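We have chain P; now place chain X onto it with these hints.
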Amino acid sequence: MGEIKKLETAKLMKKVMADHFYEIDAACKSGDPKVAWCTSVGPAELLRAMGFVVYFPENHAAILGASRAANDCIPAANAIGYSPEICSYLTADIGAYLKGFTPLAKIYDGIESIPKPDVLVYNTNQCRDVKDWFEWYSREWQVPCYGIESFVNVGEVTKDHVDSIAGQMKQLAAKITAATGNRLDEDKLKETVRLSRRCSDLWREVLEMAAHIPSPLTFFDGTIHMGPAVVMRGTQVAVDYYETLLKELQSWVDQGIAAVEGERHRIYWEGMPIWGKLRENAKLFLDLKTCVVASTYCNSWVFSAFDPDDPWNSMARAYTELFIVRDDDYKEEYYKRMLEIFKFDGIIFHDAKTCPNNSNCRYGLPQRFSQETGIPFITIDGDLNDLRCYSEEQAITKIEAFIEQLDG
Amino acid sequence: MSCFAGIDIGSTTAKAIIIDPEQRIVGHSIRRSGYDFAAAAERVLNEALAEAGIARREVARVVSTGYGRRNVEFADKQRTEILCHARGVNFYYPEPVTVVDIGGQDNKVIHLGPSGERLGFTMNRKCAAGTGAFIEEIAYRLELPLEKLNEMAEKASGEVKIGSFCTVFSCTEILGMARRGVPVDNIIKGVFRSVVKRVAEMDALDGKVVMTGGVVDHNPIVARMLSEQLGRKVEVPPAPQSIGALGAALLAREL
Chain P
1 MGEIKKLETA KLMKKVMADH FYEIDAACKS GDPKVAWCTS VGPAELLRAM GFVVYFPENH
61 AAILGASRAA NDCIPAANAI GYSPEICSYL TADIGAYLKG FTPLAKIYDG IESIPKPDVL
121 VYNTNQCRDV KDWFEWYSRE WQVPCYGIES FVNVGEVTKD HVDSIAGQMK QLAAKITAAT
181 GNRLDEDKLK ETVRLSRRCS DLWREVLEMA AHIPSPLTFF DGTIHMGPAV VMRGTQVAVD
241 YYETLLKELQ SWVDQGIAAV EGERHRIYWE GMPIWGKLRE NAKLFLDLKT CVVASTYCNS
301 WVFSAFDPDD PWNSMARAYT ELFIVRDDDY KEEYYKRMLE IFKFDGIIFH DAKTCPNNSN
361 CRYGLPQRFS QETGIPFITI DGDLNDLRCY SEEQAITKIE AFIEQLDG
Chain X
1 MSCFAGIDIG STTAKAIIID PEQRIVGHSI RRSGYDFAAA AERVLNEALA EAGIARREVA
61 RVVSTGYGRR NVEFADKQRT EILCHARGVN FYYPEPVTVV DIGGQDNKVI HLGPSGERLG
121 FTMNRKCAAG TGAFIEEIAY RLELPLEKLN EMAEKASGEV KIGSFCTVFS CTEILGMARR
181 GVPVDNIIKG VFRSVVKRVA EMDALDGKVV MTGGVVDHNP IVARMLSEQL GRKVEVPPAP
241 QSIGALGAAL LAREL
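Just so you know, the sequences run in chain order P and X.
Letter 114 of the first sequence, counting from 1, is numbered 114 in this note's numbering, and no numbers are missing.
Letter 164 of the second sequence, counting from 1, is numbered 164 in this note's numbering, and no numbers are missing.
What the hints contain is simulated information worked out from the structure, not anything from laboratory work.
Some hints here could point you the wrong way.
In silico DSSO-like cross-links for lysine-lysine, where the CA-CA straight-line distance does not exceed 30 Å [to be verified]:
1) P:289 / P:159
2) P:353 / X:77
3) P:277 / P:331
4) P:106 / P:353
5) P:277 / P:353
6) P:283 / X:77
7) P:15 / X:155
8) P:331 / X:126
9) P:5 / X:161
10) P:277 / X:77
On a predicted model such as this, the values are computed, not experimentally measured, just so you know.
In isolation and in its complexed conformation, chain P is listed as follows (with noise of 0.2 Å):
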């Protein structure tokens, strides 16, 4: 049975990690910078050309899902009314809260708590449920919260789309100055669009580098390595951390180093990671020889439209044009893209119980694209953060099974 092989710059991200949870904390405890929570695929860019450190819910809801906390905390907040239907990041994220319990806690000396904010700024792109998690700190917080209504849906991305998303947007930054007194500095908010339009470059080209064959990245490696990409977008140490691990992975290509020995088969991942069994299902496919190579998922945070000479604007386009938002044929169109890219051999589902924006089998998705391109598919059910709705050996059987089915 194979390991589970390790980038070098792992450590790094260790680190950077570290530095960026730090920051906020000296930040919420000094008063000084001011500290904003967005939502993942929020309006980070505006945020720090406001002034702001930035704090990630959503991050920290995963933490407690791969720190397999989740389901200690998610029964608190279905017990205050919040259903163990919804999203399992928002459940587990006010859980932990009501019950006084953060793994950054255990994780960073010298952080006690979740850093309280100055301001709640979340973008509906992804779901509502972001705008009710960010509402309920606000209630309890007496923290103002302000938000984008995105579109739900969308086919092309029109002017009209990037028109009403973009006055939003201006309207928002007014928001925030009147209730909190940071301004805007047009040209550090230039120079942010800049900074994320390199990291995500780079990050696309880190997730492309699965391209090769075999490949030297997989989607559980991905999951951890597309942290900066998540928290530290806009920032120069996240173009610096992905400039580090896009030639270190550009030398195991160059040595022929793949992330799973023996490479046979190659795999998409369409849904949200099960993060309490990220470890379990890679070596899963490791010990199936087989390479979880892409997912929409790590994608999620390549924004190709940010122009720094346009940011408004651009920044609109790039919080529309996420699959999320997508209609089923844009979906449709986009695998088709990424499997000449990836070259994959089948598509994974995952259906998860919780998080249906991100289950993209429950309209017939996977059936029209497989019937169109003849690659197989299955569909597993679980959940992103509550391990309750997932059943391991049944998913376990559906992917050997899945794998011998590609075997012939």
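Just chain X, lined up with the frame of chain P:
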């Protein structure tokens, strides 16, 4: 003589099949799986060996399958029940078929191509409604012996409609019917109808449909009811409960 064994450790029952080099079934056994899967595997293998009248050393290779496949320490290979059911059905039906397997806790629909190759499969979601466990639970709640259910459904003058998706709520619904004096035969037929509906909604049941698993083995009425629903005859191979074990034995021979 070199024989080959297939051991299928399901969530409810353990099955063993021994075949000779000419693929003839020479021994078989079925027992409850219990909690000790390794012991269940030993037991069904020994019983199948006794029926075949051969010694353990005459078994050249063993393939295990099913929920407890990893607990069969003496197996040379483990294979999923999807592959083993596909292989077992292809033995009797060497043509494109859709396999519908109703097991103890899993239902499967497997699409096979002309050479028995798997074109795709679906398993039930994380829910046991419509599986053997569902039927067992209802029999337990109504205090009815499992072996009488088929006969009762055959005698039914009508059938009830069960509305719930959930086994527990279905039981509540059924107990309510029993309290209202609905004939129990009609309730049991309704239970089987609900099983048939659940498998029919899992996937498209195209072409020739072959049913396997313990539920159809003990309750042939289920295959007839699915035939009615689909409007065409549903096939059932010999010993449908042991098809996975047969497939495993055939795969052991081909290793």
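Results of checking the hints against the structure:
1. Note on residue 289 (chain P) and residue 159 (chain P): the hinted pairing is violated, with a Cα-Cα distance of about 46 Å set against a maximum of 30 Å.
2. Annotation: proposed proximity of residue 353 (chain P) to residue 77 (chain X) is violated, straight-line Cα distance about 34 Å (limit 30 Å).
3. Distance check on the hinted pair: residue 277 (chain P) and residue 331 (chain P) sit about 26 Å apart at the alpha-carbon level, within 30 Å; holds.
4. Only pairs whose Cα atoms come within 30 Å are accepted, and residue 106 (chain P) paired with residue 353 (chain P) is accepted, the gap being roughly 29 Å.
5. Among the hinted pairs, residue 277 (chain P) with residue 353 (chain P) is consistent with the structure: their alpha-carbon atoms are about 15 Å apart, no more than 30 Å.
6. Taking the CA atoms of residue 283 (chain P) and residue 77 (chain X), the gap is near 19 Å; set against the 30 Å cutoff, the hint holds.
7. At most 30 Å may separate the alpha-carbon atoms for a hinted pair to count; residue 15 (chain P) and residue 155 (chain X) exceed this at roughly 72 Å.
8. The suggested pairing of residue 331 (chain P) with residue 126 (chain X) holds, with an alpha-carbon distance near 26 Å, which does not exceed 30 Å.
9. Annotation: proposed proximity of residue 5 (chain P) to residue 161 (chain X) is violated, straight-line Cα distance about 55 Å (limit 30 Å).
10. For the hint pairing residue 277 (chain P) with residue 77 (chain X), the CA-to-CA distance comes to about 25 Å; that is within 30 Å, so the pair holds.
Taken one by one, the earlier hints fail for this structure at numbers 1, 2, 7 and 9, listed in ascending order.
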